[in-house]
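Kindly generate the complete structure, drawing on both the sequences and the hints.
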Amino acid sequence: MFGKKQLKLGIVKRLGGALIFLIMVLGATYTLSGRIAKISHDATENRTAITILESKGRVAEELKKNFTAIGDGDKKIEEAFIEAGDIVKFINELESIAKTNKLEQDLRFSTPIPLKTVATSGETAKALNLTKVDYTINLQGDIVSLNNYLRELERMPYFSSTTSITIISLSTATNWKKVASASIEAQLYLKQ
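Mapping of the sequence shown onto numbering that gives the first Met the number 0: position 115 corresponds to residue 114, and the numbering continues sequentially without gaps.
One or more hints might be untrue.
Claimed, not checked - Simulated restraints, written as ranges between beta carbons of each label pair: (1) S180 to T99: 14 to 22 Å; (2) R57 to S180: 32 to 40 Å; (3) E60 to K88: 17 to 25 Å; (4) V143 to E82: 29 to 37 Å; (5) K75 to I142: 29 to 37 Å; (6) K55 to G33: 30 to 38 Å; (7) T161 to K75: 18 to 26 Å; (8) E82 to E103: 51 to 59 Å; (9) L18 to L52: 25 to 33 Å; (10) G15 to R46: 28 to 36 Å.
If you are wondering where the hints come from, they were derived from the structure by calculation, not from laboratory data. Because the structure is a prediction, the values reported are computed rather than measured. Each residue gets a CB set at the ideal place from its N, CA and C atoms; glycine is no exception.
The structure is reproduced here in structure tokens:
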């Protein structure tokens, strides 16, 4: 029968086989867990990429709608800035509006001032290709004509901002609609 030696040898063989099998299983598990982690990481990255692409697609679609809505708005904005040398065009339009509304008009323009961007700390202000001209319009006429003038002034397609309007009329309650004067202070922005 079996001797002690053979019994020990059989047990060692079986334990050795089981140990080798256990080492192989642990090695395979370690290798596969690395691959599984890589596949999981890749899947997460792919999901993130898909989400980003979907959001970019939505953004692109929204931009396309916005550009359609804007249309030629950028051209209108560009045309709203009068060339510095072409300010006569603006003056002629103001004169035309005053004449149409039967108003006496006096225009005064100040010296153009170049505009600069606002500088953050550590930066120097950069010059824009724009200048600002302060101007004053003095008008005389009836209040209805002054009101019409102001409406037409507001509709002009130029970058101009009104800083103050002063309307003065005669002291009697019945004459203020017939004779009034107005002073408008404003700023016009020009391309250099």
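Could you tell me whether the CB distance from R57 to S180 stays inside 32 to 40 Å? Cβ of R57 to Cβ of S180: about 56 Å, so the range 32 to 40 Å is violated.
Range hint 18 to 26 Å (beta carbons of T161 and K75) holds or violated: Once the Cβ atoms are compared, 20 Å apart, the range 18 to 26 Å for K75 and T161 holds.
Holds or violated: the 30 to 38 Å window for the beta-carbon distance between K55 and G33? 32 Å, holds
Okay, V143 versus E82 on CB: inside 29 to 37 Å? 34 Å, holds
Against the range 51 to 59 Å, how does the distance between the Cβ atoms of E82 and E103 compare: consistent or not? 29 Å, violated
CB of E60 to CB of K88, is that within 17 to 25 Å? 40 Å, violated
Between K75 and I142, is the Cβ distance one that fits in 29 to 37 Å? 32 Å, holds
Cβ separation of L18 and L52, checked against the hinted range 25 to 33 Å: Violated - the Cβ-Cβ distance for L18 and L52, about 50 Å, lies outside 25 to 33 Å.
Would you say the C-beta atoms of S180 and T99 sit inside 14 to 22 Å of each other? 18 Å, holds
Do the Cβ positions of G15 and R46 conform to the proposed distance bound of 28 to 36 Å? 46 Å, violated
Going down the numbered hints, you'll see the structure goes against 2, 3, 8, 9, 10, while the others check out.
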